[in-house]
Structure formats: structure tokens, C-alpha cells
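**Q** Below, each chain spelled out in residue letters.
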Amino acid sequence: MPVLAPPIPTTQTPAARPAREQRVRLLLVALAGLLVLAALLGAGAGALRVPVSAVVGILLHKLNLATSLAFEPQQEAVIWAIRLPRVLLAVLVGAALGLAGAAMQGLFRNPLADPSLLGISAGASLAAVAVIVLEEKLLKTVSVVGGLGSYLLPVAAFAGACLTTLFVYRVARRGGRVLVSTMLLVGVATNGLAEAITGLFTYAATDAQLRSITFWGLGSLGGASWDTLSTLAPLLALPLLWLPRLGKPLNLLALGEEQATHLGLPVARLKWQIIGLTTLAVGASVAMVGTIGFLGFLVPHVLRRLAGPDHRFILPASALGGALVLLLADTLARTAVAPAELPIGILTALLGAPVFLWIVMRESRRLG
Amino acid sequence: MCEARELTYQVGPKTLLHRVSLSARAGEVLAIVGANGAGKSTLLRMLSGDLKPSAGEVLFGGIGLSDWPPAELARRRAVLTQQHTLALAFQVRELVMLGRYPHFGGQPTAHDHAVVAAALDLVGLHHLAEREYPTLSGGEQQRTQLARVLAQVWEAESGFLLLDEPLTGLDLRHQHQTLAVARQLARRGFGVVVVLHDLNLAAQYADQVALLHQGRVVASGAPAQVFTPDYIHLGFGIEVELLAHPSLGHPLIVPTVSMPF
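Quick mapping for you: the protein sequence lines, in order, are chains A and B. Residue numbers 1 to 368, in the numbering used here, belong to the letters of the first sequence in order. Residue numbers 1 to 261, in the numbering used here, belong to the letters of the second sequence in order.
Please note: incorrect hints may appear among the correct ones.
Residues from chain A that face chain B, not an exhaustive set, calculated with beta carbons under 10 Å [unchecked claim]:
hint, residue
1, R20
2, G106
3, K248
4, N251
5, A254
6, E258
7, A260
8, T261
9, L263
10, P266
11, R304
12, P309
13, R312
None of these hints come from the bench; they were simulated from the model. The model shown is predicted, which means the values in this text are computed figures rather than measured ones. Cβ coordinates follow ideal geometry from the N, Cα and C atoms, glycine included.
Excised from the complex, chain A in its bound form (with noise of 0.2 Å):
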């Protein structure tokens, strides 16, 4: 049987691109711009203000590029050993915050979802508070734990966020396909539990260790240096590279497992690979600065009123924004009431949920 060319119009132009592409470029080039400006404003804000043109010299001067941008043995001290790590302490925990929110929220076809839905925060946090109250007694009984030093804490949390993910997926897991409803509620379910386990633990605890947990639960990237950096980097170098190149996928699931199975994906290796890649993302997040809520799930849901749900955008957006904005409530909360610190968590939600209302509301009315 003869096969008849398609009937493609040959006099089709190639069109002008859709406007949406073109806003779609203007903001991820926007968003890289603002992060710079973000980063130099931010590494010159604090008690020893710097101005941007010395903390170019000096980020040049490590470079070994001599440069006539004057500054300070005081200025270059302050910034490299100080201000340096914890700005891209924040750029890196926001992006991988941001993208780890984008990626489940497309995982799960939601924009309500978040990675603290299916309890990865949570576990976390809660081996974290077990850690601090029980050190004492780990010390004493498991002598592995001792070795750990200071990176028991981290530890503890990271492993924690992975055994509840495992378990989500697990119980959630009936005759090899996971239903993402099931595990959105097993989540749930996990979610409570583990803040009920927090809030046995919370309940036993010193004054002294209520005031860690405390701390922990609020978030902070005071502990920034360049060790903590060359710790978290690796472990966030594989889902800051990989989840932005999900974006093909990730659109064609959101028509549905079967349609997009029917358009060549393989949706079981795609679950597996967003679940281990966010929980590596989150975890290590979470084991370094604690909890900071909103942020994954608001910088996705912004980026999309602004520019559309393609997840070839919406993930490197992510990204970006997360981290700019990270960087920012970062640089509000230790300039805000210095010499002070404001927790980082608090700020995000307090910052957060009342953009993320003004979004809802509007949202509603335009649809009537």
C-alpha cells in the first residue's frame, strides 16, 4: 500500500517564536543576573560593610587576576573566610530546595506538592532530635558514633531522610508499580508519625538539648565554612546536575503514567530516579541547615504564574530562584537584627506564605 507524504503545509514559515519561549529566556537569563548582583550585594552586607567593587577585587585577586578594585587585607579576610561560604551555602541548599519542590511537584502532578509531603523533612529532622537527645547514651554504647565527631548530626539526618523515603516507597509499593496517590498518602501518614516520634523525643529532652532542637527545627546557615561546602557540594553535584535534565519527562508525565508510557517513557525508572535524586537533595539540605520551609514549594509555583508548566524551564528556574532566594532571606536574617540572627526557616515561611496567599487569591478571582 502506498504511503502518501503527510499533508505538512511547505509554506509554513518557520513561526515566530511563541511568546512564551521568548518570556521563558528573558527570566532564566534574569534570574542568573539577579543572583550574581545577589550574591556580590549579599557576601558586602553585615557588620563590616563591603563595598561590591572590593568584593569583585577580592573574588578576582583569588583568582589570581590583578585588578586596580582596592581593598582590604580586614575586607578580603572577612569575605573569603566568612562571607564567601555562607553565600554559596545559601545559592546551593536554594537551588537544590527549589529544584528538589519542581521536581516532586511534577513527579506527583501537583503543584501542592513538596518534598516534605512524603516525610523526608521530617525523618530527617527526627533522627537529628534523637541524635541530640540520645548523644550522650550513643557515645557511650556504639564507639563508630564517637568517630563521627561533629558530622554525626548531618549524618544522623541525611541517613534519616533516606530510611523514610525507602519506607515510603516501600509500603506504597504493591506488585512492583507504585501508585504516587498511595504514596502521597503513606507520606502523610509518615509525615505524623515521625512528628510524633520528634515530639516524644522533644518531651524527654534537657533545657540544653530543647534549646538545640530548637534551633534545628528553625534552620540556619550560620554553620557555613568552607568545610561544610566541600561536604555538601559533592553530595548535591548529582541532583543539581541531573534534575534539570528531566524536563522532557517530566512534561510528557504530566498527561498521566499511561499516556506517557504510551509516548516512550519509562515512567518506573523516571519514579525511581526523581525519589532517590530529591531525597539526596533534601536530605543533604536538611542535614547541613535544618528545616527551611516554603521555599520548594513556593519558588516552583511563582515561576509558573510567570512563565508557564514546561519543566524544561520550570526546573532550571527552580534553581535559580530557590537559590536567589535563599540568598536573600539569608542576607535579611543576619543583617536584619544584627549582631542577632534571625532562623532562616522562620523568615522563609513568614515571608512565604503571604506571597503564596496573595497568588492563591488572585489566582481564584481571575478564574471567578
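Fit chain B to the supplied structure of chain A, relying on the hints for placement.
**A** Structure of chain B alone, referenced to chain A:
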């Protein structure tokens, strides 16, 4: 060619399909008809691979369905399922472009854009290309999904389309337009399997009809062979008379009695 061999599907004690065999050939439109619950969608979901048969097998191009590399199958065969939930506000053009994803690596080529535009033309949605999918009416959403499926196998040689009740929510004109597109594709060498409720539409557009009743194929063949008063009574429990379509000649099915309640 898409072939079902002795398909049986059991859920618990219930047998939804009982040793169903049929084959859909390239160049033909095969309509699956039957009463509610007869097993039409179950059969189609088994042909598409969404459901695994309890016994029997599905062959596509002579090869077992699960032996096909997913990406290659996607370039040759497209499936339109019944439910379309989409939480994300993709534009119509973006959604149809999803059908081209099996064909390009990084960015869509000019060819992919042209196929999307042509598919939108074919279902009469060109003017809504920039609209967001969730703001469309039910019928427009259905046609958008059809355009996506068409774009997916646009240039396939002897491609296959599986359509599960593609006319849901469509007005009279677009019902005929959709089936005319199916016919046009069959003429180009495609195989089309379509689940239909309207027997008259099946009689007008299908080359082959399979009538399902309680999970079995009770009649199959050309529309004139299957659409007899006896078979229709068996399949639907209603008395009908057959007329000849005044200009096209295919059978017209007309119920003779009003149903007692």
C-alpha cells in the same frame, strides 16, 4: 498489524474478557462496539499494553507488545485513552508538541513545529493554539488530545492508532470530522482501532466491526455482516430495524420500539 490472541482477563472471580481474538490490519478502521460493561475499553487497554492479559497475548507487527523498545513503539503507535487529567496549564500548542517528544532529542525542529501546526489544522484547532488547555471546553480538550496523538505518528509508515471513545463530548460535526481523519489515515496505510458507541457512525466509517457481549466477541466482520437485527439484539438487548442510508448506502440502525420502563 495489531493482533489479539485468545485474550482472557480476570479480576478476582470476574472474567472481563473471555478468549478474545481479533486482528486490526493496516489500511483499515476497526470499530469495537458493545453495550456498557461489555469489555470494550478493557480490550483496548489490553491492546495498548495498559493492562496485562491473564492469558493470551497481544502482537504488534508480529512481535509481542512487551518486546518492543518503548521509544520505537511510541514512534509507530499512538494511543488516545479516555481520561485526560492535566493539572498543568500547558498551551494547546505545547500539549500537541508533547506528541513529538519521541521524535526529537533536545529542541523541537522546524519539522516538529510544522507537524504540530498541521495536526492542529486537521482537528480544526489552529485558532486556539495559544490557549491554555484547562480553559478549553470538553470537546476542544478532546480534539487537542487527538491532535497530540496524530502528531505522534504523523509520518509513521503503517502507523497505528488506538482510540478509546474519541467522540466523547464532541458535537455532530466534529464527531464526523474525527472519524473522517481516521479514515484518511487508514487510506494512507494506518491501522486504526476505535471504541465507538454510535453504531451508525461505526457503520459509516469502519471497515471492520467487532461486537463484544459479556467479554466475548460475538460477531466480527464488515459492518453489513455484524449489524443485523439479531446480533444487535444479542449485543444490546434492543429491537432494531435496518434501513439503507439514502445516499451512502451503509446500514442505518433504527430502534423499532420505545423501551418499557
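**Q** All hints are to be evaluated individually against the structure, with a verdict given for each.
**A** Hint by hint, here is what the structure shows:
The restraint placing A/R20 at the interface with chain B holds, with a minimum CB-CB distance near 7 Å, inside the 10 Å limit. Checking A/G106 against chain B by beta carbon gives a least distance of about 9 Å; that is within 10 Å, so the hint holds. Given hint, A/K248 at the interface with chain B, holds; its Cβ is 6 Å from that chain's nearest Cβ, closer than 10 Å. Hint status for A/N251 relative to chain B: holds, with the closest Cβ pair at about 6 Å, below 10 Å.
Because the smallest distance between the Cβ of A/A254 and any Cβ of chain B comes to about 5 Å, under 10 Å, the interface hint for this residue holds. Look at A/E258: its Cβ gets to within about 5 Å of chain B, closer than 10 Å, so that hint holds up. A distance limit of 10 Å between C-beta atoms decides the matter here; for A/A260 the minimum to chain B is near 9 Å, and the interface restraint holds. Checking A/T261 against chain B by beta carbon gives a least distance of about 7 Å; that is within 10 Å, so the hint holds.
Annotation: A/L263 was flagged as interfacial toward chain B, and the flag holds, the nearest CB pair being 5 Å apart, inside 10 Å. With its C-beta approaching chain B no nearer than about 6 Å, A/P266 sits inside the 10 Å limit, and its interface hint holds. Using the Cβ-Cβ criterion of 10 Å, the hint placing A/R304 at the interface with chain B is satisfied: the shortest such distance is roughly 8 Å. The criterion of a C-beta within 10 Å of any C-beta in chain B is met by A/P309, whose closest approach is roughly 4 Å, and the hint holds.
This hint holds: A/R312 has a C-beta 9 Å from the nearest C-beta of chain B, less than the 10 Å allowed.
Violated hints: none; the structure is consistent with every hint.
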